[in-house]
Amino acid sequence: MRLANKGLIDRKAPVSFSFDGVTYNGFQGDTLASALLANEVRLVARSFKYHRPRGVLTAGSEEPNALTTIGSGAQADPNVRATVQEIYSGLEARSQNAWPSLGFDAMAINDLAAPFLGAGFYYKTFMWPRAFWERVYEPIIRRAAGLGALSGQANADKYERAFAHCDLLVIGAGPAGLMAALTAARAGVDVILADEDSIMGGRLNAETHRVDGQAGCDWAASVVAELADMDNVRLMTRTTVTGAYDQGTYGALERVNHHTNLRDGKAVLETFWRIAAKQTVRAAGALERPIAFQTNDRPGIMMAGAVRAYVNRWGVAPGKTVTVFANNDDAHRTAINLQDAGVHVAAVIDSRANAKALGDYRLITGAEVCATSGRKALESITYRTASGSDSISTDCLAMSGGWNPSVHMTCHMNGRPTWREDIASFVPTAGSIPNMTVAGACNGDFSTAACLAAGVTAAQDVLAALGVKFVDVTIPEAENSVYKMEPLWAVAGKGRAWLDFQNDVSVKDIKQAARENFRFVEHMKRYTTQGMATDQGKNSNVNALALLADATGRGIPETGTTTFRPPYSPVSIAAMGAGAQGKGFMPERFITSHAATVERGAPMMEAGLWYRPSYFPAKDETNWRQSCDREVNLVREAVGICDVSTLGKIDIQGPDAAALLDFVYTNMFSTLKVGRVRYGLMLREDGHVMDDGTTARLSDTHFVMTTTTAAAGQVMRHLEFVTQCLRPDWDVRFVSVTEQWAQFAVAGPKARDLLNGVLDTPIDNDNWPFMACGDVTVAGVQGRLFRISFSGEHAYEIAVPARYGDGVFRLLLKQAEAMGGGAYGMEALNVLRIEKGFITHSEIHGRVTAFDVGMDRMISAKKDCIGKVMAQRDGLLDEDREQLMGFKPVGVVKQLTAGAHFYPEDEEATPDNDQGYMTSVGFSPTFGHFLGLGFVRGGPARAGDRLRMVDAIRGIEAVVEVCHPVFLDPKGERTRG
Amino acid sequence: MVDLKPKTPLDNMVPLTIGSVTFAELDAGVLTSVSPYVGQENALSDALKTAHGMALPAPNRTTGKDGARAIWFGREQALLVGVSPDQTLAKFAALTDQTDAWAVTTLKGAQAVDVLARLTPLDLREATFKRGHTARSDLMHMNASITRTGADTFMIMVFRSMAQTLLHDIQTAMEGVAARG
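Going down the list, the sequences are from chains A and B. For the first sequence, our numbering begins at 9 and goes up steadily by one. For the second sequence, our numbering begins at 1362 and goes up steadily by one.
Just so you know, these hints were derived from the structure itself, not from any lab. Predicted model, so just to flag it, every value in this text is computed and none were measured. For glycine and all other residues, C-beta sits at the position ideal for the given N, C-alpha and C. Check before you lean on any hint, since a few could be wrong.
To be verified - Residues on chain B that point at chain A, a partial pick, calculated with CB under 10 Å:
id, residue
1, G1400
2, E1402
3, A1404
4, Q1438
Unchecked claim - From the derived model, a few chain A residues whose C-beta atoms are all more than 12 Å from chain B:
id, residue
5, S230
6, D739
7, R811
Chain A extracted, bound-state conformation (with noise of 0.2 Å):
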């Protein structure tokens, strides 16, 4: 029921959304909570696991009942507090975990099955058989007892991630966190202030305290205004803070757009931020507590404190005829703001035999409610005095059974909270996270002078810690009441007193488990699921230890807490993971020839983070074979060209550039003669092979080292860890200049001619024999040749500045079209370099040493290299080792794929006759076969043997024979002359 003139919404602004389908009407600043009540929609949820009508319970993102899910099809967004959820037009919640409708729930069945569902329930029914633990249990369990569903579908919603940086840290905004934030910005210091809220005050908003001579509310609107207008303050709202992290740093998430219907695509809907903070005030507040008595989940009973909330900052009565429960002077307020807002109070009952009325109320002192009744909604309570019980007719009862600080992000660094006997409740331990104070009502400070006050003073620590002079504020009067209460945690009594809402755990559960010796207070919340989950135990946790220390004859402080991880309250996985949809997953690396690439419609695929072609299909090509087929013979027959430019390219100069060399590569580079490239092997120090490329001398100082597309990153690394682990007293310098050169492989026996068609000074092979290099022009362009071949031909690789890229792979294509050639892409130079049995790292996998892939002999004798010494171990030098040879199909089926094994011809493909393994295949046209490169027991022994060739995922077998791995041109004289 809306109340007149009261509130902190704007009722010119009317608004209309949906709820299960029904339209209801609200007005701008309320939150889904607030404006189903004002609706007199009570039931709006069911629960857990017993799927028991609940409702609205507290006016804050410790919500336990009210989870709604928002929106619907992919932007379906499930277990939205319904109190945190503001209404925009437009938008539609539904309720979750109800079958077929909220109002008849068929799984509501599990209440009546309740005596046999109590803690430890799965635990003791489902323990057999143990087959059917994750495939019939788990389901079953997860499709009866569950929240909202994800809705399966890409959601195109944006999500963002960002970090922020400041000096001050204040979370909440309440009159401790403003009087911080206030206190700490005069002083000049940069203060991120961040509230949940989508208004800054805190319980300001939702109580009537005067401060300053002004409402509440009005005087928090003042100093946020006054902290907006300052250059060293930035105003977080809606923005929760998660966790606290190691090095100041704090998660927080911004809901930015929850409370819009803005889904254009480039708005985002949440930002995860990072926070690193030099100091952080904690001001986060406190939670209400409530009392456990029987079926004291019904729709209609609501924490007190939210109960005033929602008349005071939403103008909502909850009910007609509420009725107060409490244990402590604070909620009898809530009696007294209901009054004057014109509801009736039916009665104020409190536990306590010495509570006096604060107004004009009928008091009911030494009760405690001990029965409610209303399925869906509360029709009466009844409650029992010394001198016997009673019944009240009540449509609302609003309970209180005091207040606990808001101790959860202060654990989350592993810290353990402090009891303090006089508010009996949990409060932080100081420098449970470094550089951080706890003010206000989350250290236990619950009157608002003490908050203001408390603020200050947090703010003094800070700046004292920061060096920054304090310049002196005044402290307003406010409210400053004695916070009077006497514990009570559980009303005595039959049937089921629930502590865990969201959870569905009861006053029974926690006996139970104590009975059953799960008396640590973990153990008890893994039993029972107390304080689990999205919850983190915001409304029990307390309640549960002192019923807990109560049933193991122990105290509460030597009870003890569960432990309080992040994030406080919910983040979505998406708003972690934010900026990594679509293209942002990773970083897309393009060629130079990209463009040129794409518009001859060659696919292209992944290497690393490269993107390289395939292949390039010619007109009427349809099947990538023929394309690969052409491409190979081109090359052997005519002149191809491909980017190579994802090579690893690493420019090495100085004194001892040689000696590092020497060093890293298997092979002698200090006698490489300038204007020469040479092949080189490098071993990581387990004597493994590392990467394999070839190294040019460009002069005695200055080297330009290639590695494979795959090992750049991790050669680089290498070489860094040499020179500044192993030789930091080497003068040597090297840099990457992958990206600045684009570099095309120009291979076949026309290579030549090719080159002397767009060089401006022609080559030939006495100037630039097999492995030559220099420098070279392209139509006026510097750049770099090298006379290197990765397919067996007369090859070169020629490299120009990577603006010059584009425009020189097109020339050359062009050239190499007029003479018969074409571009070629990875499939072919696979092919081509099968044949001529090179080697990638689909052999160089890691698991393999020089010796397996029949290069020990450049192992050079005459120097130490690194691996060296480890490659010489026992067994790796074993003959019997699986070593790299040819294969080639001589059966009936002519296929061949790579991760096949081979096991004897007349044996079973058992991993205990396993020989080996094939790693890289092709169809070679030049051989019109299959021809594979493998790994196979024995190495050259097994050459002439046949095997049967076995690939368990795709189905196919084959018989092969052993070969040279070297199919074409042995000697290699195709690449000289």
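Place chain B on chain A using the hints.
Showing chain B alone in chain A's frame:
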């Protein structure tokens, strides 16, 4: 003779203005990595001063000014931007042409810092990251060099091959900032 047309990393794809922020490519001229040989930092710094009027920058700092600048670029490395290195430097340092290795861009506007806050963990507050300050850091998933060249202007460099990802990431962040108004 064939006339080869040079292409910049973001050829024809920028400038891009969204809200108050403009992302553009910068023709910074010649880029040269300068790595002093062992013990040659001071001699190199002197040679840099003599030849180009700027000292060797300290870590996270730049020297020089628009048009001719030296940017700290990593351990024992500076990037000389905008001038061809005088050959006297080669005595004291390894010089390597990097003109084409980097996409050089600028992000300019009052909310440029807000855009960058969505991409890099660097503390870019003006008091901490002043004009002339520089850092090697993450930019989304890329390794970047970020330099404040003006009150509301940053020079951002990533590997040339990643230029389009830089554009994608910056544009996404710009849209997010602009949508907040």
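Structure-based check of all given hints:
At about 8 Å, the closest approach between the beta carbon of G1400(B) and any beta carbon in chain A falls short of 10 Å, and the interface hint on this residue holds. Interface restraint check: E1402(B) against chain A, minimum CB-CB distance 12 Å, threshold 10 Å, status violated. Contact between A1404(B) and chain A, as hinted, is not supported at the beta carbon level, the nearest pair being about 13 Å apart and thus beyond 10 Å. Annotation: Q1438(B) was flagged as interfacial toward chain A, and the flag holds, the nearest CB pair being 7 Å apart, inside 10 Å.
With a cut of 12 Å on Cβ distances, S230(A) stays outside the contact zone with chain B, its closest approach being about 24 Å. The claim that D739(A) is not at the interface with chain B is violated, since a C-beta of that chain comes within 12 Å of its own (minimum 4 Å). Not every Cβ of chain B is farther than 12 Å from the Cβ of R811(A); the closest lies at roughly 4 Å, contradicting the non-interface assignment.
Of the numbered hints listed earlier, those contradicted by the structure are 2, 3, 6 and 7.
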